[in-house]
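These protein sequence lines are chains A and B, in that order.
Reading the first sequence from the start, the letters are residues 1 to 170 in my numbering.
Reading the second sequence from the start, the letters are residues 1 to 386 in my numbering.
Among the clues, some could well be false.
Unchecked claim - Covered stretches of chain B, going by a simulated chain A footprint (3 or more residues, C-beta under 8 Å):
#	region
1	145 to 155
2	199 to 208
As the list claims (entries may be wrong) - Which stretches of chain A does chain B cover? Using the computed rule of at least three CB atoms under 8 Å from a CB of chain B, they are:
#	region
3	60 to 66
4	98 to 107
Hints were generated in silico from the structure; no laboratory data involved.
Glycine included, each C-beta is placed from N, C-alpha and C at the ideal position.
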Amino acid sequence: MAQFLFLLFAIFTVLCAVGVVVNKNAVNASICLILCLVGVAGLFVQLDAYLLAFVLLLVYAGAVAALFLFIVMLLDVQGKETFGLRGIRTIAGFVAFALLLAGIGSVALKGQIVSSPPVSVAGGAQLKLYAYQLFTTYLLPVQIIGFLLLISMLGVIVLSKKHEITEDAP
Amino acid sequence: MFDFYFEIPLVIRLILQGLAVIMVIFPIAGACSMAERKVAAWIQDRPGPNRAVVPWVAWIPFFGKFLQRLGVFHVMADGGKMLFKEDSLPGHVNKFYFVLAPIVAMIPALTTVVAVPFGAYFDGAGKLIPLGLAPFDIGMLAVFAVSSLGVYSAILAGWASNSKYPFLGSVRASAQLISYELSMTLAVLPVFLWVNAPGTEGTMGFARVVEFQSQSGFLGGMWFGFLMPISAFIFLVALFAETNRQPFDTVESESDLVGSFHTEYGAFKWGLFFVAEYSHMIVGSGVFMLLFGGGWNPLPWVSLATAVDFLGTFLPFAHAPLFVGILSIAIFMGKVLAMIFFFMWVRWTLPRFRYDQVMKIGWQKLLPLSIANLLFYAIAIALIQK
Numbered sequence: 001m002a003q004f005l006f007l008l009f010a011i012f013t014v015l016c017a018v019g020v021v022v023n024k025n026a027v028n029a030s031i032c033l034i035l036c037l038v039g040v041a042g043l044f045v046q047l048d049a050y051l052l053a054f055v056l057l058l059v060y061a062g063a064v065a066a067l068f069l070f071i072v073m074l075l076d077v078q079g080k081e082t083f084g085l086r087g088i089r090t091i092a093g094f095v096a097f098a099l100l101l102a103g104i105g106s107v108a109l110k111g112q113i114v115s116s117p118p119v120s121v122a123g124g125a126q127l128k129l130y131a132y133q134l135f136t137t138y139l140l141p142v143q144i145i146g147f148l149l150l151i152s153m154l155g156v157i158v159l160s161k162k163h164e165i166t167e168d169a170p
Numbered sequence: 001m002f003d004f005y006f007e008i009p010l011v012i013r014l015i016l017q018g019l020a021v022i023m024v025i026f027p028i029a030g031a032c033s034m035a036e037r038k039v040a041a042w043i044q045d046r047p048g049p050n051r052a053v054v055p056w057v058a059w060i061p062f063f064g065k066f067l068q069r070l071g072v073f074h075v076m077a078d079g080g081k082m083l084f085k086e087d088s089l090p091g092h093v094n095k096f097y098f099v100l101a102p103i104v105a106m107i108p109a110l111t112t113v114v115a116v117p118f119g120a121y122f123d124g125a126g127k128l129i130p131l132g133l134a135p136f137d138i139g140m141l142a143v144f145a146v147s148s149l150g151v152y153s154a155i156l157a158g159w160a161s162n163s164k165y166p167f168l169g170s171v172r173a174s175a176q177l178i179s180y181e182l183s184m185t186l187a188v189l190p191v192f193l194w195v196n197a198p199g200t201e202g203t204m205g206f207a208r209v210v211e212f213q214s215q216s217g218f219l220g221g222m223w224f225g226f227l228m229p230i231s232a233f234i235f236l237v238a239l240f241a242e243t244n245r246q247p248f249d250t251v252e253s254e255s256d257l258v259g260s261f262h263t264e265y266g267a268f269k270w271g272l273f274f275v276a277e278y279s280h281m282i283v284g285s286g287v288f289m290l291l292f293g294g295g296w297n298p299l300p301w302v303s304l305a306t307a308v309d310f311l312g313t314f315l316p317f318a319h320a321p322l323f324v325g326i327l328s329i330a331i332f333m334g335k336v337l338a339m340i341f342f343f344m345w346v347r348w349t350l351p352r353f354r355y356d357q358v359m360k361i362g363w364q365k366l367l368p369l370s371i372a373n374l375l376f377y378a379i380a381i382a383l384i385q386k
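Modelling step: build the complete structure from the supplied sequences, incorporating the hints.
Okay, structure coming up:
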C-alpha cells in the first residue's frame, strides 16, 4: 500500500512538473507548480518527514506560489511567445540536460544509500532534532540566508519606493 | 463490544472516521448560517426567520410551534433551494477554474480538521489519550500549512469570474489572508515556547498544549488565554481576518463590491463557498479553544480529570472511557459553538474597517505587537524555565 501511494505521488509530481514547463498558459503552469509542490509534500509524508512536508506546504505552496499566481493573474501574462530551441537557449538546455544526466548517473552508479535509515524517532523528537541542528551545526548558513533575505527586502523597498524630490524642504 | 470495528482494514477505518467527522462538520456549518440569521435577529430585536415548517411537525401542539419560531426548518429549505436551483454558468467565465474554485475552497476547510483533536479519554492507566483523526506531533504547523492553501480558492474564483468586482474581491482576500497569517503565526509561538519546556520531548501538537492547561496549581491550571492575553487577542483578531468575518469583511463588502469573489456564483457552488467559510470558522474556533481556552477542560483550574472524579461521586459509569470521551467532546463542542456565537456577536457590534485600515492594522499594529509579545514571552519563559 505504502509503495503504491509513493509511486502514485511520484508519478503525479513528475507529471505536474512536466506540466509547468510544457503549459503555454501561465495560469495553468502556476497551478501545475502548486500541484507539484503538493505532490512533493505528499512524498515527504510518505518518507515520514512530516515537518518538511508541512513547511513546504506552508512556505512554498501557501505563500510563494500564491504570489506567483497572483502576479500572473494581475499582469494577465499570456504565454504567446513560443519557446523554440534557438541559439544560446539550445546550448544552455543541453548543458543543463547533461548535468542532470551526470547527476542521475553518478547517483545510480556510484551513490550508495545507507540501507538502514536513521533511527525512526517520534515526530516530536524529530522536530527537536531539526531545531537543534539548525541552531548548532547549520547556524552559519541560516544566518547567511537570513541576511540575503534582508538584503533582498531592502532592495525591494529601495526599488519600489517612489523617490520624490522634496523641494519645499527647509 | 466494538471489536468488529478493529478488524476492518486500517485504510477503510480511517476513511470511515474522516467521513464521520465531515458528517458532523458539514451540518454544523449549515446550521451556522441559520444561527447567524437568528442571532442577528435577536441582536436587532426582531423575530428573524420563523415561517418555514414541515406540516406534520406543525401538528405537534406546543413543540411544533416552538421549532417553527426557532427557524430550524429554514436550514432544510435553504439547503433544498441550493440543491435544486438552476446552477447557471455565466458565459464569460473561464469554465474549468470557475468550477474548480468552490471545490478548492472545500478541501483546506475540511482537511484542517485532521490535525485538531476534539476530545480525550483516559486509558486503563489513567493516561490521557486525545481523540482526533491524526495525532500529529506537528498539529499547529499542519493547520497553518493546509489553511494557507485556502487562498487559492479566492484567487481562482475571482480570476475565473472574469469580471471586475470579483477580481477586486479576490485581490483583497488574498492580500488580507497573507498579511494576517504572519501575526497569527507569531502569536502562537509563545504558547509553544512555554509548552516545550526544557527536558521534554519537543512537539507542536495540540494535545500537549491542553495537557499543560490541565495541571494542578494556580499557574498549572491557568488557561493560556489568561497567561498570554495578548497572544490570544492577536490570534483572535487574525482569526477574524483569516475567516473574512466582520469587521474584516472588506472582501465581500456588499456596498462597494456587490459580493466578493463569489459574486458570479449561484446555487450549490455558492453554497460550497459558504460552507467552507463556516468550516474555517469552526476549525479556527477549535484551534483557539485548544490553544487559549483550555481545550476539553470544563472550567479554568478545573481539569477534565477533576470533573470526571467529581462526577464519579454520584455517577457509577463516570470513569468509563466512552462516557469521558463523549463528555470531553461535548465540552469542546460547547466551547466552539460559544466561540461561533462570539463571531456573530462581534459582527453586529463592530462596524467594518476600510480596506486601508485593514492593511494598516495588520502590518503596522498587529505585526509589531506580536513581535514584541514574542520577545517578551521568550525572555520571560527563558527566565522561568531556566
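Indices of hints not satisfied (ascending): 4
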